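Protein sequences, first through last, are from chains A and B. With my numbering applied, the first sequence has no gaps in its numbers, which climb one by one up to 249 at the end. With my numbering applied, the second sequence has no gaps in its numbers, which climb one by one up to 821 at the end.
Worth flagging that the hints you see were computed from the coordinates, not collected in a lab. Heads up, a few of these hints could be off.
DSS-like cross-link-like pairs, simulated, lysine-lysine; straight-line CA separation at most 30 angstroms [claimed, not checked]: (1) A:214 / A:173; (2) B:764 / B:751; (3) B:764 / A:173; (4) B:751 / B:773; (5) B:773 / A:98; (6) A:168 / B:764; (7) A:173 / B:773; (8) A:98 / B:764; (9) A:168 / B:773; (10) B:751 / A:214; (11) A:214 / B:764.
A few chain B residues that face chain A, going by a derived Cβ cut-off under 8 angstroms, partial list only [as the list claims (entries may be wrong)]: (12) 626; (13) 649; (14) 659; (15) 660; (16) 661; (17) 664; (18) 665; (19) 680; (20) 688; (21) 736; (22) 739; (23) 759; (24) 762; (25) 765; (26) 770; (27) 774.
Predicted model, so just to flag it, every value in this text is computed and none were measured. Using N, Cα and C, we set each Cβ at its ideal position, and we do this for glycine too.
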Amino acid sequence: MAEANILLHNPEQASTMREQDLIARVQRGRNELFYELVRPYERRVYAAALAILRNETDAEDAAQEAMLKAFVNIRQFRAEARFSTWLIQITINEALMRRRRERTVVMEGIDDRRDEESDYVPRDFADWREIPSESLERKEVRQKLADALATLDRKYREVFVLRDMEQLNIQETAEALGISVASVKTRLLRARLMLRDLLAAGWEQGWFSRLPFEKGNKPW
Amino acid sequence: MVNNEAVNCERVCREISNYLEGEVDAALRSAMDQHFPACQRCSSVLEGMRNVIRLYSDERMMEVPAGFGRRLEKKLAQNVRVHGTRWSTWSAWLVPVAALVLFAGGLRLANSLTAAPPLKSEHAQPGEGIPPDMLVVVTSGAKVFHAAGCDFIHNKQTERTLTAKQAMREGYVPCLRCMREYLHTAVAGHLALEVEAAAETDTDEDNMQERGQ
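Isolated chain B, as found in the complex:
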């Protein structure tokens, strides 16, 4: 155990997660920055924690059961139809729109087999107001671009610096951590979730069969 004058291992360990969040004040950050190179134990904790975050934040960790999208689309289509009957301005359009929903659903299903997503990340958070000339870093095999020095750059030896504009043109998406200021700030607030009890029409056998597969 190495005891730095300013900060000891116990304190470092307690603050290490806040450190990665950028939630420690400048004095503590600087003390920790000095502590890590001198303390193998604490730097091993830091590396491990970064590794954990990098692995679990990977979109491959989010899998859905087979047929999930199909069942969801079907459920939505059914309920959109049910709601349509209650909206008087809409009811005249019910039949053609319902047909369109089914048609579009079929098309989308067919398209989904061939169409490649435009971005490297399927559930990317689009950024806003990123200065096009800002220099950013990408690495091979990754899907995101980072500000230089971001803690979450993987595969650092393959780093490549380019402009944000170019990175986005190549389909890279902004890092959710170092580029957070360019993502929409979420202020979802309190949601009043009064859902009309939509008539349950979800008893069809198709659905059951799909689940059984």
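Same shape as in the complex, but just chain A:
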């Protein structure tokens, strides 16, 4: 394949060029290449939908629908934007639309205005005990972290997921959720503080205390 020959000596640049090349081809009608284009982002798309819909089946449906919308609108994509961000924003629009449609009576978000004003006081620890990234190899640790995130109120969770997991910037997060930049910053602070406290509580319960085995060593 021709595109495989582009700049093999520089994977980074090759990857960018390959993506731009794929976009251009799909825009010109090579529809069958679309999945190849979006495949690197499928996890991020799903995670964005899940953050908003909180249900695996709904999130998967929304992710699929968002990908289809991206396909239908691919000609509107302009090269000055990051493709991944464009895709994530479409996903968020789709997920928010579904949530509005499905929730005729609003159950959450009634107190959206209230507690942004009040200060959150973080728990007091003498020292922070670093939780190593290697512990993410363990399914149960990932699950605990996901559970901790799920306990946050919607407004905090969404901002946190978009900024810290999806890596949108503050401005993009504000635009995607239709809130002000100031709100994003306040909610982000709160979300990060609350998660820190939840993780510290997790330490006390032994979520992170043992690693199954060091890299390279067999556990038996």
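We have chain A; now place chain B onto it with these hints.
For chain B alone, coordinates are given in the frame of chain A:
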């Protein structure tokens, strides 16, 4: 509680997230930089917050249900076909292209079992215009390279300095935070998402069975 002349704990706590974002002015940043070493409580908040961000931004935190990719590919293939019928310039190619889609899908599925991704990170953001000779830092077990002194370097004791060119050759990808200026700036703007109601052909039993697994 330590009260620095310029900034107190309450203020530090309120600005700590902005501090990590690089969104505080120089005077406040400098006051906070002085405050942290002197205040165990605030530095514990800072460390914890960095830890939270590092853990949740790890791609391992983004899992999809089993069979997700397969179902997505199938859904796309079906709908690409449906759209094809509406584009007159394309309709003559419908049958061979649809066959190609199915064929390519099968190949990709087979390939996906063996092919290793070229980059260390599966959903890496490719950088652009990174000066090849720029010195960057990588650490063992990590997938990204950083500017020296980035707040999000994990495993600092294993730091290794090399050129950006070399880091990229080794498959490292730019840190989304300290290297952000080299990533595309996203200006997605407002999207008009008028989707034609694509005929729903998604009732096949395969799909249902896959979900049930």
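Structure versus earlier hints, numbers of those that do not hold, lowest first:
Result: hints 5, 7, 8, 9, 22, 23, 25, 26 and 27 break, sorted rising.
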